[in-house]
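K.L.:
Spelled out, the chains give:
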Amino acid sequence: MRAVPKAEQGAVVVAAKRLRLGALFALLPCLANAAILPEDRADVMYHGYDGGGLEVSGPSVLVRKGFNDKVSVWGNYYVDMISSASIDVVATASPYEETRHEYSGGIDYLSGKTMMGFAYIRSDEDDYLANTARFGISQDFFGDLTTLGISYARGWNDVMKNGDPTFNEHTTRQDWRVDLSQIITPNLVLNFGYEGITDDGYLHDPYRSARYLDASSAKGYGYEAEVTPGTKTSSAWAIRGMYYLPYRASARAEYRYYTDTWGVEGWNIEFGYVQPLSYGVTLDLSYRYYTQGTADFYSDLYPYQDSQNFLSRDKELSEFSSNSIGIGLTYAFGENLVPYFKRGEFSLFADYIEFSYEDFRDVLKAGTPGDEPLYKMDSTIIRAFVSFWY
Amino acid sequence: MYRNIVLLLVVLCAAGGCTSIKPWVSPYERNNLADPIMSFSRDPIASNYLEHVYESRTGARGAEGGAGGGCGCS
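Chains as they are written, first to last, in the working numbering: chain A, 811 to 1200; chain B, 45 to 118.
Next up, chain A with everything else stripped away, as it sits in the complex (with noise of 0.2 Å):
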């Protein structure tokens, strides 16, 4: 066991594998109005991700066209480049570069006022390959009041190990998701969403490791192998609504329940704010809370060595709770300006978020083993993006 390595690639797998699973997502944006196609439209946008050591940028461009009103195509191109010093990477190595691809691209079919959509994306990098499709459907009822929209996506992934040729591992994942919208009164909107995830196969990180007291070491612990149980079943359920204010303002609210079988619960609540205002310009404000417990078999430090058949201490398995407060301006420009071409916008967002976790400890700060001062850490998020209507 090289300790360096294993812990330089176990972060890339940690980062690039979370930021795949929001991914499926943004595959059939259609449903958010059945009975009409998503605008043709084109953007370009850089993202950057700062926090906790850890660097994630790169760009990603979404192109979508539509034709004869019934069929709309779209394709994304989405880079991670990753740079890693985090506390999991430095406590047991060094850090790591690391980029990720991802492909996708969908094609969407609109018949009266049920859409259907099929899309398909691809994820790769040196240790990680994911494959994922998905199917959705949804109708409009009611005279168009209520949008009901359902979707299943099956994944197939490889777990590669840089350094171990042999190593080869699988998973594979079924995801379910419902959504109905309903138009409540001219001003105001609700949503649902159920989504329920079901992952199985190699699910721990080839790299990460559990910290358990060792009187024999000089720092008074050790590290061994994570350890998780090969399925995981997740449900999570949101209710959202938006209004329209009196003035040209729109307000949103939102809560998020979250549960699955490793014995993690959270919930957040999310509010946000946009105001149009002069010469083109939109402000979009936002705030988040989020909460949730600790997965039943995580500790940040285990009596002893192999001490019970599932060991993890990943910080994102432990109790913790995140503010997060957003800010973004969009600039509205060249309306109609030459042919094929109906607008364009520039849009920059910026996000800060603080996570404070009360069951993850700094082991890079001294103290007795299990004593050490809790993590803390902060990230600031950058998307921007230019925007093309046609």
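Please note: incorrect hints may appear among the correct ones.
[Said to hold, decoys possible] Per the computed footprint, the stretches of chain A lying under chain B, defined by three or more beta-carbons under 8 Å from a beta-carbon of chain B, are:
hint	stretch
1	853-859
2	1003-1011
3	1053-1064
4	1080-1094
5	1187-1198
[Claimed, not checked] No more than 25 Å apart at the CA atoms, straight line, and that leaves these computed lysine to aspartate or glutamate pairs for DMTMM-like:
hint	chain 1	residue 1	chain 2	residue 2
6	A	K880	B	D79
7	A	K971	A	E1036
8	A	K923	B	D79
[Unchecked claim] Distance windows between CB atoms, simulated:
hint	chain 1	residue 1	chain 2	residue 2	range
9	A	N878	B	P71	18 to 26 Å
10	B	P71	A	V1196	32 to 40 Å
11	B	K66	A	P1039	45 to 53 Å
Please keep in mind that the hints were generated in silico from the structure rather than gathered at the bench. Values in this document were obtained by computation on a predicted structure and should not be read as measured data. All C-beta atoms in this analysis are idealised placements derived from N, C-alpha and C, irrespective of residue type, glycine included.
Assemble the complex: chain A is given as a structure, and chain B must be docked to it using the hints.
P.N.:
Below, chain B alone, put in the same frame as chain A:
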């Protein structure tokens, strides 16, 4: 999880059978709902990325974002 999905579908199907329910917001009353500022995901490329970040930094996953919004008009 499967039971929850089936239960939800049964409830929705039952609601669909209530044909006496009439749309209570007419198409001409949906100007405000059609405003882009009433979309849960005005810029998919940006909102999807933020959802990725949230899911990467927490134990929770799923039911992010939100379909719907807009006027629901053809």
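K.L.:
Which of the numbered hints are not met once you compare them with the structure shown?
P.N.:
Violated hints: none; all satisfied.
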